[in-house]
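Here is how the chains run, residue by residue.
There are 2 protein chains.
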Amino acid sequence: MREPIDFYFDFISPYAYIASTQIEAVAARHGRSVTFRPVLLGITVMKVMGLKPLMETPLKSDYLRHDGPRMAKVYGVPFRYHGLKGINSLAACRAFLWIGRTDAALAVRFAHAVFRALWVDGRDITPADTVAEIAGALGVDAAELRAGIASEPGKLALNAAVEAAIGRGVFGVPYVIADGEPLWGADRLWMLDHWLGHHAWDGAGLAALAAGR
Amino acid sequence: MREPIDFYFDFISPYAYIASTQIEAVAARHGRSVTFRPVLLGITVMKVMGLKPLMETPLKSDYLRHDGPRMAKVYGVPFRYHGLKGINSLAACRAFLWIGRTDAALAVRFAHAVFRALWVDGRDITPADTVAEIAGALGVDAAELRAGIASEPGKLALNAAVEAAIGRGVFGVPYVIADGEPLWGADRLWMLDHWLGHHAWDGAGLAALAAGR
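Listed in order, the protein sequences are those of chains A and B.
The opening position of the first sequence corresponds to residue 618 in my numbering, with each subsequent residue numbered one higher.
The opening position of the second sequence corresponds to residue 618 in my numbering, with each subsequent residue numbered one higher.
Calculated from the structure, these hints are not laboratory results.
Mixed in with the good hints there might be a few duds.
If several chains are the same, the list does not tell them apart, and a pair holds so long as it fits within one copy or across any two.
[Unchecked claim] Here are the simulated lysine-lysine pairs, DSSO-like style, with alpha carbons at most 27 Å apart:
#	residue 1	residue 2
1	664	702
2	772	702
3	664	690
Starting from the given sequences, assemble the full structure and let the hints guide the process.
So, in structure tokens, the structure goes:
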């Protein structure tokens with residue numbers, strides 16, 4: 618049996634949200650499972666690559682504000698741009714890993730709930746209180762979670778996850794690594810689907826698919 | 618009749634090369650024509666957005682070195698990474714506009730020839746001599762072209778083209794504007810095809826297309 622597909626995400630990315638709504642279905646069509654892996658764009662984009670945040674980049678930010686809702690529409694998923702500033706996913710990412718220590722499936726449900734809170738309901742997912750409340754609604758003990766993500770092991774787990782992701786070349790999200798092949802972006806799920814089915818970059822009408830025919 | 622589709626390119630981009638091999642066919646399927654419009658990434662990426670060149674960006678450059686040949690394979694077009702450093706498309710972009718002043722179709726043939734010279738034959742397209750030679754092989758008077766691109770009008774035409782592109786929000790290449798809709802990237806031709814056919818971002822199996830089904 619093949620390894621699960623690695624799906625790297627940060628809650629603050631609208632494209633990671635959009636891909637998160639699709640990735641398990643794409644994998645399932647090929648009898649594959651998905652491992653959700655949080656990273657922090659603040660570290661990969663800003664510290665490692667030395668770039669500024671996308672939404673502070675002239676011209677590109679205008680395009681992205683148009684493109685996020687458009688891509689959500691393409692996939693038929695709910696989406697709205699919140700007007701929130703300075704969202705930080707540190708607590709939510711730590712919570713994901715903390716929950717996943719004992720229940721990986723519950724952690725994935727939690728990830729979907731956090732994505733929805735931010736990108737559908739427009740809720741600021743920065744405060745640990747909000748993160749604990751979202752988890753609590755899924756049956757997680759909120760007080761235990763609060764203590765867990767404030768603990769050294771809770772912090773170190775995320776640091777290690779981000780370091781490991783960087784070690785594998787992850788620089789943005791969504792970023793998928795499937796059977797050794799890296800794919801960046803919510804607009805490349807058609808390539809992932811082809812790769813999982815063929816493990817080659819040609820044949821089977823791929824060029825036609827790429828050009829929409 | 619609708620306006621032609623605007624296709625923004627810079628010869629130094631492998632993705633612009635790949636898209637340049639497809640864009641006219643996608644447009645033709647919808648009875649549309651294409652206007653090729655050169656821009657200079659050195660100005661849009663570096664000066665306006667304040668970013669460094671992609672290939673000097675840690676992590677991302679490794680991904681792009683893998684992804685360029687992969688995307689060429691997806692579309693079934695010849696491609697090889699040249700080992701050339703510091704390629705400058707200034708002379709080639711000026712020449713494109715200079716040729717296009719009197720013969721737009723010839724300018725497009727010249728653009729394809731320059732793309733092939735760089736991304737298939739691995740030729741440095743920086744020197745005006747090389748640019749003039751490529752144009753000469755297509756029947757352009759090389760001496761006249763050399764004089765044209767060294768003249769003030771020859772320089773100003775490209776400056777104006779780049780300014781106009783920035784004014785329309787173009788920040789990278791390939792960048793397409795079709796019936797008011799902007800699309801960035803060689804991996805989004807399936808979206809362009811859909812847009813040209815439907816002028817909407819849903820319906821007609823688009824979500825399935827996006828996910829490769």
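Quick rundown of the hints versus the structure:
Taking CA atoms no more than 27 Å apart as the test, residue 664 paired with residue 702 passes in both settings, with 20 Å inside one copy and 26 Å between copies. Only within a single protomer do residue 772 and residue 702 lie at most 27 Å apart by alpha-carbon distance; the minimum there is 24 Å, versus 42 Å between protomers. Taking the shortest alpha-carbon separations for residue 664 and residue 690, neither the intra-copy value of 32 Å nor the inter-copy value of 33 Å comes in at or below 27 Å.
Checked against the numbered hints above, the structure breaks only hint 3 and satisfies the rest.
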